[in-house]
Amino acid sequence: MAEPVLLLEGVFKSYGNGVVTEVLKGVDLRVERGEFAALIGPSGSGKSTLLNILGLLDRPTRGRLTIAGEDTTHLDDAGLTRLRGRTIGFVFQFHHLLPGLSAEENVMMPMIAATGRTSKEMVPRARRLLERVGLGEKAGSRPNALSGGQQQRVAIARALALDPPLVLADEPTGNLDTKTADQIFEVMREFNRELGVAFLIVTHDPRLATRCDRTIDLVDGRIVSDQRRAGT
Amino acid sequence: MPISWFLALRFFREGRLQSVLIVVGVSVGVAVMVFLSALIDGLQTSLVAQTLGTQAHVVVRPPDEVARPMLASSEAVAIAARVERTAQRSRSIVGWQQVVEGLSAIASVTAVSPTVTGPAVAIRGNATRAVVLYGVDPERFAGIYPIRQRMVAGRFEPTGTGCVIGRELALDLGVGEGDRLRLGSVEGASEVYTVAGVFDLGNREVNRRWVVITMRGAQTLLDLVGGVSSVDLRVRDIYSADAVATDITARTGLIADSWMKTNAQLLVALRSQSSSSQMIQFFVILAVAMGIASVLVVSVVQKGKEIGILRAMGVGRSSVLWVFLIQGAMVGLIGSVIGTAFGTGLGVLFAGMVRNADGSPTFPVTVSLALVARSAAIAFFTGVFAAALPARSAARLDPAVAIRNG
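So the sequences go chain by chain: A and B.
Residue numbering for the first sequence follows the working numbering, starting at 148 and increasing by one per position.
Residue numbering for the second sequence follows the working numbering, starting at 155 and increasing by one per position.
In the SDA-like style, the derived pairs of lysine to any residue whose C-alpha atoms are separated by at most 20 Å in a straight line are:
#: 1; chain 1: A; residue 1: K267; chain 2: B; residue 2: F160
#: 2; chain 1: A; residue 1: K267; chain 2: B; residue 2: M155
#: 3; chain 1: B; residue 1: K459; chain 2: A; residue 2: D224
#: 4; chain 1: A; residue 1: K267; chain 2: B; residue 2: A162
#: 5; chain 1: B; residue 1: K459; chain 2: A; residue 2: N291
#: 6; chain 1: B; residue 1: K459; chain 2: A; residue 2: N322
#: 7; chain 1: B; residue 1: K459; chain 2: A; residue 2: L198
#: 8; chain 1: B; residue 1: K459; chain 2: A; residue 2: S195
#: 9; chain 1: A; residue 1: K267; chain 2: B; residue 2: W159
#: 10; chain 1: B; residue 1: K459; chain 2: A; residue 2: S249
#: 11; chain 1: B; residue 1: K459; chain 2: A; residue 2: R289
#: 12; chain 1: B; residue 1: K459; chain 2: A; residue 2: G321
#: 13; chain 1: A; residue 1: K267; chain 2: B; residue 2: P156
The hints are simulated quantities; they were obtained by calculation from the structure and are not laboratory data.
Computed from a prediction, not measured in an experiment: that's the story for all the values here.
So that you can see chain A by itself, here it is in the shape it has in the complex (with noise of 0.2 Å):
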C-alpha cells in the first residue's frame, strides 16, 4: 500500500481546564495521494477543529497525525510551521488573500515563506498557476478589484504554489452562488485530477459532496461513515 498523505490515529481533542468539552472522541483517517474527499457533518460535529489539526493549527490532545510520512507528535512549533508550510494548501471559506498584496503576489506569498525571501524565479510559476484558474490577465489586480469566485481561484491557484500533496479546503464555495461555487468546483477537480493532488473539502453543500470520490461523516467527533464512490 501507497504512503499515505495523510494519517490519522486516534486523535482525541479536548478543550478547557475545569469543565473539559471533548470535541473529538478518537479519530481514525487516512487519505491517500490523489483522492478527492469530501467531510461533511452538522455544526458542532468538530470539523473545524479536525480541519485545524489536520492543517497543523493545532495539535491533538491526544493520537498521532502523520503528514507526508513525517509524525508530527513531537515537532516543535517552527517544526509544524515547516511542514505546513511545504505539505498542505490552505483554501477557506472567505479566500482570506493578503488585501495589500496583489493577485501574483498573494499566490507567490506560499513560496516566499518557504524560501523566507522574494524571487524573480517565483514570478512564472505564480503567472502559471493564474494562467491555470483562468486569470492571467488580473495577476496585477488587488483582491478587492477582483469578484468572489475570483478571489477563490487566486486562493486556490496560492494553496498549489508549493505543488502540495495536500490541500485542506474549509467551505470553498459555500460564500458563492451556485454557478460559481460548481465552476470553483471543477477547478479544484481539474487540479486534483492533473496534478495528482489529494484534496479534503469540509461541506456543507451535500450537492458538492455527492461529487466527492468519497464522503466522511463527522458527528458528535466520530468518524461515523466514511463511504468511497464506486469505480474510485
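Since the structure of chain A is provided, determine the placement of chain B on it from the hints.
Same frame as chain A, now just chain B:
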C-alpha cells in the same frame, strides 16, 4: 528581498493614512528635539564664549600670604590669641619663567600668558578713572583673549609707552588713537602713555577698566620689577579647566583658579538649562514611543486574520515579529530624516529672525552633526523599542484563532 522586509513594506504601504500620520507625529517629535537642543546648545555656547572672551580659562597666582604668629606657649602659661588674616600685597610668582615653561609643557594647555596686573588710575585733564593695569607680552596675551579681532581703533601693539584701552574708557576720558593719558599707580609712580589702540571685548566693565601696557611698564608702575603677578592659561577643552587647575596646584603649590570655579553660578544655570532640555526631550521621546506603539498595536489587531493566514502558509513567528519591528524602525527612520530637516530649518529660520545690533543672531542656533546623528539614532531605536511589544503579540498569535476571529 527577505520576507519580513517584503511584508513590512506592503503593510506600511497598505495602511497609508496610519503610516503618514505616525510618520508626521515622529517627525514633529524629532523636530522639537533637534530645534530645542540646537537652540539651547547655541545659547550655551554663545554664553560661554562671551564669558570666556574676557576671562582666562585658568589663572595661576602665588599662594596667599598667611600670618605666622611667634607665640611661645608652655604648660604653665596659656595664651589666648586672635590671629588676623594678612592683607594680601601684590607679589610675584617666584621663578615665574620656570613656571611658564612648565605650564607650556602641559598637553591640554594651548596658550600661556604671564601678566603683571594691579590697580591704577588713568588721568586725562580733569578726568580720572580707576583702572586695572595689564602688563603683558602682546603675542602671548593675544593667545588668551581674542583682543586682536576686537580692536575698534588702532592696533593691539602695547610697546614702550603705548597703551591699549577699552572703548568705554576711551569715551569716558575723551581719548582716541594717538592721544595721551597719564597712568598712575597707588604706589605713587606715574607715566604718560599714548593710546595705540581701542578694543571692545563685548563687556562694558572690561572695556571701562582694562588698560593693557607692556610687562616692563607695568612692573615699573606696580613696583613689581622682574616679576609677574599671575599666569593666564587657555586649555583645549574648556570643561577640563577645573581638572587642569587642580593638577597645576598639585604640581606647583601655586593657586590655580579655573573659569568654572569663578563662574560657578553660570555653570549651575547652564546645567539646569540642560536638565530642563533633557526632561522635555525625554517626554517628547515618550510621546513618540507611545504613538508608534499604539499605531502598531492597532495594526496588529487589524491584521490579526492576515497574520493567521501567513502563519498557515508557513511564515514563522520570528518573521512575523520582524515585520512589525521593521515597521517601527522605518517609522523611526523616516520620521528622524524629516524631523531633523524640519528642526534644522526651523532653527536656521529662528536664528535669522531676530538679530543683535552687530548682526549676530539674538538666539544663536547650533546644529551639529552629532546632534543630528543622536536625534536620528534616538528616533530609530525608539521606533524599534516601541514596536517590540506589538511585534511580540503579533508573533504569538494563534493562527487558528486569528483566522477564525480575525
